[in-house]
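Engineer: Given next are the chains, with one letter for each unit.
There are 2 protein chains.
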Amino acid sequence: MSDTTRRTVLGGIGAGLAVNLAGSAMARRPQDRKLGYAVVGLGYYATQQIMPKLAECRNSKLVALVSGTPEKLERYGREYGIPATHRYSYANYDRMRDNPDIDIVYVVLPNSMHAEYTIRAAQAGKHVLCEKPMAVSVAECEAMIAASKRAGRKLMIGYRSRFEPHNKLAIKLARGAEFGPTRIITAEHGFDAQPNQWRLDKAMSGGGSLMDIGIYSLNAARYLTGEEPVAVSAVEATDRSDPRFASVEDRIDFILRFPSGVLASCVSSYSSNHNGYRVTGTKGWIELEPATPYGGQQMRVRRDGKTSDITPPPQDYDQFVGQLDHLSQCIIDDRQPIVPGEEGLADLRVIEAIYRSARERRQVTL
Amino acid sequence: MSDTTRRTVLGGIGAGLAVNLAGSAMARRPQDRKLGYAVVGLGYYATQQIMPKLAECRNSKLVALVSGTPEKLERYGREYGIPATHRYSYANYDRMRDNPDIDIVYVVLPNSMHAEYTIRAAQAGKHVLCEKPMAVSVAECEAMIAASKRAGRKLMIGYRSRFEPHNKLAIKLARGAEFGPTRIITAEHGFDAQPNQWRLDKAMSGGGSLMDIGIYSLNAARYLTGEEPVAVSAVEATDRSDPRFASVEDRIDFILRFPSGVLASCVSSYSSNHNGYRVTGTKGWIELEPATPYGGQQMRVRRDGKTSDITPPPQDYDQFVGQLDHLSQCIIDDRQPIVPGEEGLADLRVIEAIYRSARERRQVTL
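Chains as they are written, first to last, in the numbering used here: chain X, 106 to 471; chain Z, 106 to 471.
These aren't lab readings, by the way, just hints derived from the structure by calculation.
Heads up, the beta-carbon is just placed ideally off N, CA and C, and yes, glycines get one too.
It is possible that some hints are incorrect.
[Unchecked claim] One side only, chain Z facing chain X, incomplete, derived with CB under 10 Å:
{"#": "1", "residue": "178"}
{"#": "2", "residue": "182"}
{"#": "3", "residue": "185"}
{"#": "4", "residue": "186"}
{"#": "5", "residue": "361"}
{"#": "6", "residue": "387"}
{"#": "7", "residue": "390"}
{"#": "8", "residue": "461"}
{"#": "9", "residue": "465"}
[What the hints assert, rightly or not] Away from chain X, derived, C-beta distances all over 10 Å, residues of chain Z:
{"#": "10", "residue": "153"}
{"#": "11", "residue": "225"}
{"#": "12", "residue": "230"}
{"#": "13", "residue": "247"}
{"#": "14", "residue": "250"}
{"#": "15", "residue": "305"}
{"#": "16", "residue": "306"}
{"#": "17", "residue": "332"}
{"#": "18", "residue": "356"}
{"#": "19", "residue": "386"}
{"#": "20", "residue": "466"}
Using the sequences and the hints, build the whole thing.
Structural biologist: Below, the structure written as structure tokens:
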């Protein structure tokens with residue numbers, strides 16, 4: 106666009122933020138101790154995204170693997186130098202209790218297995234990092250939180266965007282009303298789902314696009330406001346003749362109303378590509394597109410009739426490393442993670458309300 | 106964005122369209138006859154946007170003025186060379202019947218007056234161009250259509266975006282499934298309403314942001330699909346302590362479901378600035394931002410991971426001239442305008458459903 110100019114964070118609105126964020130980065134104290142992670146479920150995300158990142162961590166390291174497939178244990182055990190004593194199946198999963206090298210269990214299983222393997226890990230005395238969605242129901246989330254509390258262990262949900270610089274800056278700008286009080290949020294997430302995946306089997310996934318990708322729109326609306334929605338209206342559109350959508354929904358759009366009056370219009374799709382959000386205040390807007398992929402975020406802001414690209418202050422770790430080390434650091438410092446089990450539960454409460462709203466064709470109050 | 110490249114319409118997807126649109130532009134046959142417009146209501150839009158454009162028209166000219174303010178009639182009558190015989194008040198409005206120079210009455214009054222002055226114009230034997238929203242209720246729209254039919258005169262609604270090149274190209278691309286079948290539309294329209302205007306008085310406006318600016322989101326969703334929605338869910342957020350919103354709504358977001366399964370998530374706001382839409386198909390998207398202002402439209406498309414700016418084929422008239430001349434040409438050719446009264450009625454049907462959905466907190470079926 107002709108009115109788009111490029112800015113660094115040293116000019117304009119970025120200046121003060123660069124200082125603040127640099128200050129908080131420097132406050133991270135070095136730790137000699139690296140906590141040991143067991144990764145549970147050796148699918149694409151675990152093996153291609155998470156496991157390579159553990160080698161870059163400051164406070165975390167990969168020490169154990171869990172899989173139901175012996176060949177995967179053998180292959181990745183060899184690749185990552187994990188001895189046979191630190192390779193587990195789902196049958197002997199609970200024996201991680203006796204392995205003091207394992208501090209944290211990272212649950213990267215299909216959604217319907219999150220609750221069981223989180224609870225069993227807590228009962229084995231382990232802290233847990235569990236992928237989102239936290240589980241397939243509010244009841245499961247509550248049971249997971251209770252199990253971790255009973256065990257005196259921490260529970261964190263894998264909301265990696267909270268450790269990503271563009272999202273962190275967007276949160277700061279939005280909650281700080283840098284573009285005036287927020288009035289409208291729009292958030293879109295979707296992709297064209299490939300057939301024959303566990304994601305498309307409701308027994309495994311708990312739901313369709315909303316559980317998998319639409320949750321990013323929902324979670325963004327919540328973290329950009331810092332509020333919990335009080336009402337939701339949702340409309341679903343699914344072609345049940347498409348074999349992908351025999352048991353789960355394709356598209357489900359929803360509107361959230363927040364206590365401050367913010368409205369968030371959110372898109373969730375399994376048949377079109379979307380990844381972005383915009384926060385519009387009384388004086389302008391903040392936009393991330395793409396907003397929540399593994400990398401490549403882009404940020405624009407608009408004020409006084411001018412649209413500018415914004416680069417957030419650099420940080421010396423990426424969102425994956427940031428997430429992994431955050432939980433380790435919270436355990437070392439004995440403090441609550443910024444995305445504890447309660448954060449996953451809050452999303453599931455809204456997700457259940459979104460599904461109810463679409464099904465009953467009415468606004469649901471939270 | 107780093108993956109944005111600039112293209113002219115001669116490259117990529119624009120090539121075929123340039124040919125098609127150029128063909129239709131050349132098909133416009135010159136007309137010696139200019140039909141006479143009477144402009145009713147001499148506010149900002151009429152005097153600053155419409156009246157100057159009538160001088161640029163091929164088939165239209167300004168021949169009469171109607172106002173309740175004698176000073177305005179005098180000032181604009183002098184400026185545009187309209188003699189006293191062709192200046193009318195609301196009291197002698199019906200005497201336009203006896204003025205053969207007036208072919209078309211353009212109603213640019215507050216919304217609540219559209220029905221009365223359209224019907225009186227039709228009864229005076231005049232064709233009518235009426236600003237949007239067509240009226241403040243479905244019942245009024247139906248009465249207006251009936252009156253024009255009874256009089257054997259045409260009735261068109263001022264949906265100027267339908268004559269604007271970027272919107273015309275977006276319609277062609279979206280309905281032609283150039284980016285795959287449409288799955289999701291997002292449309293946002295809003296501005297920060299200034300206090301003490303008739304727009305904020307429900308008795309004059311019939312409603313708040315939805316009647317005034319949100320109607321662009323609604324109308325775009327309808328013209329981009331070429332379908333009528335079958336269901337709507339809406340959520341309103343209005344701070345009633347803000348003196349601007351004593352009688353009308355501030356924000357009202359709504360989701361439309363169309364028969365083909367398209368979902369449209371629409372924003373309407375009187376407290377933040379928005380002007381754009383995006384049509385996402387299975388293979389990419391088409392975006393206009395801004396989409397519907399008086400000028401300055403920008404268009405981007407995305408396919409195969411690349412975002413490109415697109416310039417539509419040039420046309421030798423702007424949206425205002427196109428709209429004014431379209432009705433004249435339709436009268437000359439005795440054909441139906443592309444945005445007849447029925448188009449305004451269709452929007453009002455949905456608007457009433459949106460308000461009902463927000464009020465009753467349920468999905469409304471259309």
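Engineer: Look at each hint and say if it fits the structure.
Structural biologist: Do the hints match the structure? See the list:
{"no.": "1", "hint": "178", "verdict": "violated, 36 Å"}
{"no.": "2", "hint": "182", "verdict": "violated, 36 Å"}
{"no.": "3", "hint": "185", "verdict": "violated, 32 Å"}
{"no.": "4", "hint": "186", "verdict": "violated, 36 Å"}
{"no.": "5", "hint": "361", "verdict": "holds, 8 Å"}
{"no.": "6", "hint": "387", "verdict": "holds, 6 Å"}
{"no.": "7", "hint": "390", "verdict": "holds, 8 Å"}
{"no.": "8", "hint": "461", "verdict": "violated, 12 Å"}
{"no.": "9", "hint": "465", "verdict": "holds, 9 Å"}
{"no.": "10", "hint": "153", "verdict": "holds, 19 Å"}
{"no.": "11", "hint": "225", "verdict": "holds, 39 Å"}
{"no.": "12", "hint": "230", "verdict": "holds, 45 Å"}
{"no.": "13", "hint": "247", "verdict": "holds, 27 Å"}
{"no.": "14", "hint": "250", "verdict": "holds, 30 Å"}
{"no.": "15", "hint": "305", "verdict": "holds, 17 Å"}
{"no.": "16", "hint": "306", "verdict": "holds, 22 Å"}
{"no.": "17", "hint": "332", "verdict": "holds, 13 Å"}
{"no.": "18", "hint": "356", "verdict": "violated, 5 Å"}
{"no.": "19", "hint": "386", "verdict": "violated, 7 Å"}
{"no.": "20", "hint": "466", "verdict": "violated, 4 Å"}
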